[in-house]
Structure formats: C-alpha cells, structure tokens
Amino acid sequence: MNIQPILEVEDFSKTFILHEQGKSLPSSQSVFLKAFPGRLTALIGPTGAGKSTVLKGIYRTYLPTSGRIMFTTGQGQILDLALADEHKILELRQEEIGFVTQFLHTLPRQSTEDVVAMPLIKEGVPHDIALEKARDILGKLNLPERLWAVSPATFSGGEKQRVNLARGLLAQPRLLLLDEPTASLDAKTTDRVIELIQNLKETGTAMIAIFHDMDLVKKLADDVVKLEPPVGTEHFFNSNTNEVA
Amino acid sequence: MTNDKVLQVRNLSKVYGKGCSKCFELTGPEHNTNICPHCGSVVAAHDISFDLYKGEILGIMGESGSGKSTAVKNLFFDEIPSSGQAIFFDEGKQYDLFNLNAQQKRHLRNHRFGMVYQNPHLGLNFNVSAGGNIAERLLMSQLSNYQEIRERAIELLHRTEVLTERMDEMPKNFSGGMQQRVQIAKALATNPTLLFLDEVTTGLDLSVQAAILDLIMEIQRESETAMIAVTHDLGVIRLLAGRTIVMKYGRIIESGLTDQILEDPQDAYTQRLVASAL
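If you're matching them up, the sequences are chains A and B in order.
If you read the first sequence in my numbering, its first letter stands for residue 1, the second for the next number, and so on.
If you read the second sequence in my numbering, its first letter stands for residue 1, the second for the next number, and so on.
So that you can see chain B by itself, here it is in the shape it has in the complex:
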C-alpha cells in the first residue's frame, strides 16, 4: 500500500436550521440527541475528522440519523457544510473542497469523484439507457468520439457484469442489483480517484449483495481508487473496510482498524452494536 493521502477532513460540521451557540454543547451521544433543545436545529454532523489514503476503503458505520451519509454528501457537494475543512489531493494538486467555485466543484464531481447511492434514482438518469448513462458521464470528461464512448461503456458494463446486450435498455427495466451495477459502472467511467459508496447493498437480496461486494473488492484490487463506504451493515464493514469510523448522533464516537472495532470495541455503543449483530 502506498501511503499517499487522498483526502484530509478536519472538523466538518453540518447543522440544519438557524443554529445557536448551544447547538454543539447540547447535542451528541452524551445527550442522546442531535436536535438542539435550545433552538431546534439538527446537528447532523459535528467535528468529523479523518484521513483517507490511496487504495484504501474507509468504513463509516452507524444507525439511521447518525450523520454518516451527511459526511459523505458534504464531501460530494450534495450539501454545503456549516464549517470545517476538506483537502483533496489529486495528481499533484490540492483542492480545498469547501472553498471551490461551482465550476471547480463540477469538475471534481464529474471527473475525479464517483458516487454510488443506495437509491439508483439519485445516481442514474432514468430517461436514458444504461449505456447512455455512462456516455453522459464520459461526455462530461474528455471523450467525445461516439465509437470511443461506446467502447468504453461496453468495457465498463462488462467489468461490472451487466450484459452488454442490454446496454440500450432503460434502467427501469433492470433489477435492483443490475441498477446498482450500472451505477457503479457510471461512477467508475472516469477512473475516479475517490469513490463514495452510500449504503450500496442495502435493500438488495443477500446473493446480490455478495456479488456487489465482490465487485467492489475487485475494483479495489485492480485500481488504486480510495473509497468511503457508508453503511449500517457490520458484514459490509467487515468485508470491505480496512479502517472504520463509528458515528452516533452526528459525532465520531470511535475509530480504528476494522478488526479491532469489531473484536475489541471500546465504546459502550459500539459494543452494543457489535453484540447485537452476532
């Protein structure tokens, strides 16, 4: 593993609502809430810091409302953070993610980042074919020759095990697992440096889940793409992530090597999560 940093996140916070001076004091795991009793704002994430290295998969684990997806949405520019800093390192350049203009953000989203959502409707355009979805992303990057784009789309669908005979079909005709594969193919189209996986296997049949996880691990072996996998599923964490962050009520309550988090969790909450999964 080459120790090249891809992402450095420091003190990321996201508050929904007007916020007040008491918000951070009165929320978090020790208060059993992420809603500020003083002003009613929701502290979705607070003081999130971590590093991510090339070729690594970082797991972010937590129950619904823990803020795990919020962290990722802020980094992918789906949301605007309330405070904090994130530096993205790519091809010798550094990007201060929360201080970029719209064009720079679009560039990173379209070229250097990939996102796979739990809900394929967020990641795919359901008005164009599977192949068209990938072509869309390739068109936004450098490729503009029709034949080249089609060939690359075939290559990607092949790699994600989507029958290329079906590439001209609309996503709605595909099963949930297939839609996820098309989403992954689309996300990988530009060989992104950083890939976000937001509950990618949630809601799929177990056998389909296993195949999607296999695919993700294969991608990790073949490329140096760094990934952040957000999930509430300990099995996904165990299989994919080398390191894991545990979140509750918007805060990181524990982080460490994944096997250590699962076998020797330090926090009472993590101990309960792990115990209830066995």
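One chain only, chain A, in its complex shape:
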C-alpha cells in the first residue's frame, strides 16, 4: 500500500494512577495502529480492552503513560500528539481532528443547528450557509425538524448522538475519531450514518472508529485492530501522599 498514514500510534499504553485509592489501573497496553486518508480503521475488542482510552489518548483528553502518537498535519508537519504544545492541540482540534463521542456537552441556550454549524462558523463559513448545511445533515440523520431550533440539552441519547454525529461529520476533519457512533440509533438512521461515513471517506478523511456491531465493521472498515484487556490488572501501591486523613 502506497498511501502514507496520517496517524501512527506506536506502543501506546495508559495506566491510571488513582491516588485516593492508592492503586494503579492499567487501561490500554501496547497498542499499535495507523489511520490512512480515505480509510477507516476499526477498533474492536471486548469491554475493558481500552478502546475508548486509545481514542481519548489520541485526542489528548487522556495523557498517555507511554508510547508515541505521530500525526502528520495538513501542512506536512509530523508531531507527537502526546507531547505537542497545548495550544497546538487546541488548534488541531479546531481544524484537523474531530471526535464524535456518545456524550454531548453543550450550552443551555445554544440551538441544535448552531451546535452543529459551529465548527464551520469557526472556520469562517458565513453563518447562513453553515446553518443550511447543518439543517441538511440533521435532516439526513432523521432528527425531527421541530428539534433543530431547540437546545440539545434535554434530548434523548439517540437524539444527542445524532447531533454529535452531524457536527463531527459536517466539519470534515482530516482525522475523525468515532466512539460507537451508532450505539443508540435505530436501523434506518444507522444506514444513513453508514452512507455519510462512506461519503466522508471519499473526501479523504481518515477515521478511527469503535464498533461493537461486526456488521458495521464489515461494511465500513478498511483495517481492523483488535485490542485485548491489559494483562496486568489493578495494582495497589503504598499511598504515600500528604493527605490529611
């Protein structure tokens, strides 16, 4: 294969140190994976294998315990996301790396269509055009039109997930991380999501996705990485902190 990966995760491990409980908790161990433009890498494995941990590590929501996360930017710069400057990470999150999670944090007074259009507006797309695109994709994802002007704060899990997907897909990042993007969606909407993901692949977006449904893996994945739960389990250490008991 001739295409160059835009992301290479090399020997990524993450162990949480829980000071209060005096224990360390391995979550991901020795993960290797690559993401290529226009291709989808599926992360599979049982619960507890650390799939979400890897995605959060790439996004820098988690600090890796070890390993390298080499990302090639749109300008051709290669940097380790584990070590990159915080301002650089914020810039990449705005311009190049998207994350669709199962959770949605939004402001109480922001409408759904604004939430979805926001990444485009920040890129400089005129407000009305961004809104039009937001409505278009919300329609494709079968989110009822009466909800578009309402804040998603009170939406159901499936509705929130569609808002998240709409925002993440519309932004067309160079790298898109997807954490069970269809977990709470009905079959019809899931088919639409498959279609949208395929379209996005054609535009060159590299994707890393966690799926539990093997059917989706078959339909969408170009590469599959299987993760296993870390071998070492919880390790208790002598809590030597200055806590006042």
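Hints in this document: simulated from the structure, not taken from any laboratory.
You can trust all of the hints, since none of them are fake.
DSSO-like cross-link-like pairs, simulated, lysine-lysine; straight-line CA separation at most 30 Å:
#1 A/K201 x A/K122
#2 B/K54 x A/K122
#3 A/K226 x A/K34
#4 A/K219 x A/K140
#5 A/K219 x A/K133
#6 B/K5 x A/K88
#7 A/K188 x A/K219
#8 A/K188 x A/K201
#9 A/K122 x B/K5
#10 A/K88 x B/K93
#11 A/K122 x B/K93
#12 A/K88 x A/K201
#13 A/K226 x A/K188
#14 A/K188 x A/K218
#15 A/K34 x A/K88
#16 A/K88 x B/K54
#17 A/K133 x A/K122
#18 A/K133 x B/K54
To list a few chain B residues with every Cβ distance to chain A over 12 Å, as calculated:
#19 S21
#20 G40
#21 D78
#22 E79
#23 N101
#24 K105
#25 L139
#26 E199
Which stretches of chain A does chain B cover? Using the computed rule of at least three CB atoms under 8 Å from a CB of chain B, they are:
#27 14-20
#28 61-71
#29 87-94
Beta carbons: idealized from backbone N, C-alpha and C, even for Gly.
On the provided structure of chain A, position chain B as indicated by the hints.
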C-alpha cells in the same frame, strides 16, 4: 485560532509580610500551608508561570486561599508582586508589566485591560449611574463627545442585555446578575486585549450564572479578547476554559487542556477536587 501571545508570565511570586529565606522552602502543597512557619509571612503565590494567547480563555482553579486571585490582582496592578516577570504583548508593542511607571500602568488598566470582580462594588462606581460607569471608562480613553459616549454605552448595555431604559439608574437598584452585566459592559468598553474574570458567577442564582457564562462565551466568539477566568467552580472551568491551571497553597500543582484536567487529572489534589464535584 491565531497563535499570538498576549501575555507571558514567569515565576510570579507574592509574599505578604517581611519574608525570609525559608519562606518558599517551608510552604506549598507538600507542607499543607502557605504560611511560613519561620517568619509567619504568607506566600500567596509562588513561581507562577504561564502563557496566554489571543482569543483564549485560561482557567485558574483552586479553593479559597490557593492564590488564584492573587495571580490576577498582581497582573491588574491591584497588588505589587514580590518577584517575577510578566510581558504583555499588544498592538506590536511589549510591556514589561512589573517595571512600568504609574502612568503606563494606568494607561493599560484603563484602555487595554478589563477586570470583572466577584464583588461589583470593586468594579463599579456606586455613586454614578450604570451608563455613567461606562462613560467614566470611555472618558478615560479617547472618546470625549457626549453623544458618542452615550451611543457606545447604549451599544454595550444592549450587548450585555441590560435594559437601556435603565441606564440612568444607580447600580444599587440592580440585581446581582445585572450588576455583573454592567461590570462586564464597563470592562468591555475599550475593547480590551485582556480581560480578567475573578469569580464572576460566584454567589449568583444558577439561571443567572448560566446567562452570564453565555455572555462571556459570546464575547469570546465575537472578539479576540484573551481572558483569564479565576474560579473554584469546575462547571465554569468546563464551559469556559480551553486550558486550566490548578493551584493550591500558592503554587501551580497541575496544568493542561481543560478536558484532560477534568477527565485525567494527574495530581492527587486535582483528582479529589474533580471527584468531589461529580
């Protein structure tokens, strides 16, 4: 986001009291105190370093007495630091904040910085009307034409959602949330490059808090104002700040991207703070 640096703070320290050679050694998180056992001085802040970029909101989080407000007060010239350096970058110029004369400090305070205090009495003049408060600040800058000043004041109050019909009323007639809005309008009057927010929502009703936070985020979207938000409230940090500094007993114990600080805190103290908020 344009990566233009607005502020560079290095090794800022503030000691209340005469200080001694042991002050820094014997205080801090590992000693569970900011009072020097040797000389009794209070080490309110020590070795504070950070950078702030245009359009960014930096959160400074910590409990009472952690030194988070001290850091901001020193930068706004409310206090004089014991040591350290702070460079402010503005319109192609650099200002070495702790080596300016009184006139230069006044210029920055009145024109290029804005401050919103938790206590509106510190930020507002309660002897003049809401509109008058904004006019005061505009008068200190270039505007001197009455009509222009009034128009700008109306524009600012409109933007901060204060009924302009009430602009000639005294601040004491306003609710706490409204006083905060007037304070924000006043702080924004000169389009400052740098805005300090010191516990701006503390003590307000939840619905009022949400509206004030909305307003701050709207300002961030519309302007490139860099902000430092000091708060003990994790919710405020989560909503506003892209990056966060955690302070305890006058020291920075941890800093990082806000979602990382909240979801993968490294320090035992931060882990406890985050856990107790959930």
